[in-house]
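Trainee: Sequence:
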Amino acid sequence: MTDIPDDRKFMLNAATRKLAHETERFISMLAGQKVFADVSWPYVDRAKCSIKHSFTVEDPQRAAWLQVLCIERASYLSQFEAGRLGSEAFMQLESFMATLNA
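For the sequence shown, the working numbering gives the first residue as 1, with consecutive numbering after it.
Think of the hints as simulated: they come from the structure by calculation, not from any bench.
Errors might be hidden in some of the hints.
[To be verified] In silico lysine to aspartate or glutamate, EDC-like type, Cα no more than 20 Å apart, as pairs:
#  : residue 1 : residue 2
1  : Lys52     : Glu22
2  : Lys48     : Glu24
3  : Lys52     : Asp3
4  : Lys34     : Asp45
5  : Lys48     : Asp38
6  : Lys18     : Asp45
7  : Lys18     : Asp3
8  : Lys9      : Asp45
9  : Lys48     : Asp7
10 : Lys52     : Glu81
11 : Lys18     : Asp7
12 : Lys48     : Glu58
13 : Lys9      : Asp59
14 : Lys52     : Glu72
15 : Lys52     : Asp6
Being a predicted model, the structure only gives us computed values, none of them experimental.
Work out the full structure: start from the sequences and follow the hints.
Mentor: Laid out in structure tokens, this is it:
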């Protein structure tokens, strides 16, 4: 019950990689600006976040598809809350997605 499902592990790994990549890109952009010439960039490199946990995913392809289905399900909820999707249609989709994700 306390184990993290594969789709969540997949999402956490992807989010961690994305965050690390964007941090590197942003630091590189700032390092090139004259206003930050006095910054101790070696200190910044030591202080930035690092990947501490990398989760092992048993079946990455299945985990990726489950993540896509969760995103699709969230999209239906968003459309319903915005009034673009009727309650009957939402209930049908929600029932189908709940069965599919179970």
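Trainee: Given the hinted pair Lys52 and Glu22, is their Cα-Cα distance within 20 Å?
Mentor: This hinted pair holds, its Cα atoms lying about 17 Å apart.
Trainee: Lys18 and Asp3 were given as a pair; does the straight-line alpha-carbon distance stay at or below 20 Å?
Mentor: 23 Å, violated
Trainee: Compare the distance between the alpha carbons of Lys48 and Glu58 with 20 Å, and conclude whether the hinted pair is satisfied.
Mentor: 30 Å, violated
Trainee: With the threshold set at 20 Å, check whether the alpha-carbon distance from Lys52 to Glu81 stays at or below it.
Mentor: 37 Å, violated
Trainee: Take a quick look at whether Lys34 and Asp45 sit within 20 Å of each other, Cα to Cα.
Mentor: The given pair, whose Cα atoms are some 18 Å apart, holds under the 20 Å limit.
Trainee: Straight-line Cα separation of Lys9 and Asp59 no greater than 20 Å?
Mentor: Judged against 20 Å, a Cα distance of about 11 Å means the pair holds.
Trainee: Taken at face value, is the distance from the CA of Glu72 to the CA of Lys52 at most 20 Å?
Mentor: 30 Å, violated
Trainee: Assess, step by step, whether the Cα of Lys52 is no farther than 20 Å from the Cα of Asp6, and give holds or violated.
Mentor: Answer holds: Lys52 to Asp6 is near 18 Å, not above 20 Å.
Trainee: Does Asp45 lie within 20 Å of Lys9 when you go C-alpha to C-alpha?
Mentor: Since the Cα atoms of Lys9 and Asp45 sit roughly 26 Å apart, the hinted pair is violated (cutoff 20 Å).
Trainee: Decide if the proposed pair is consistent with the structure: Lys48 and Glu24, CA atoms, cutoff 20 Å inclusive.
Mentor: 9 Å, holds
Trainee: CA of Lys48 to CA of Asp7, is that 20 Å or under?
Mentor: 27 Å, violated
Trainee: Is the straight-line distance between the alpha-carbon of Lys18 and that of Asp7 20 Å or less?
Mentor: 16 Å, holds
Of the numbered hints listed earlier, those contradicted by the structure are 7, 8, 9, 10, 12 and 14.
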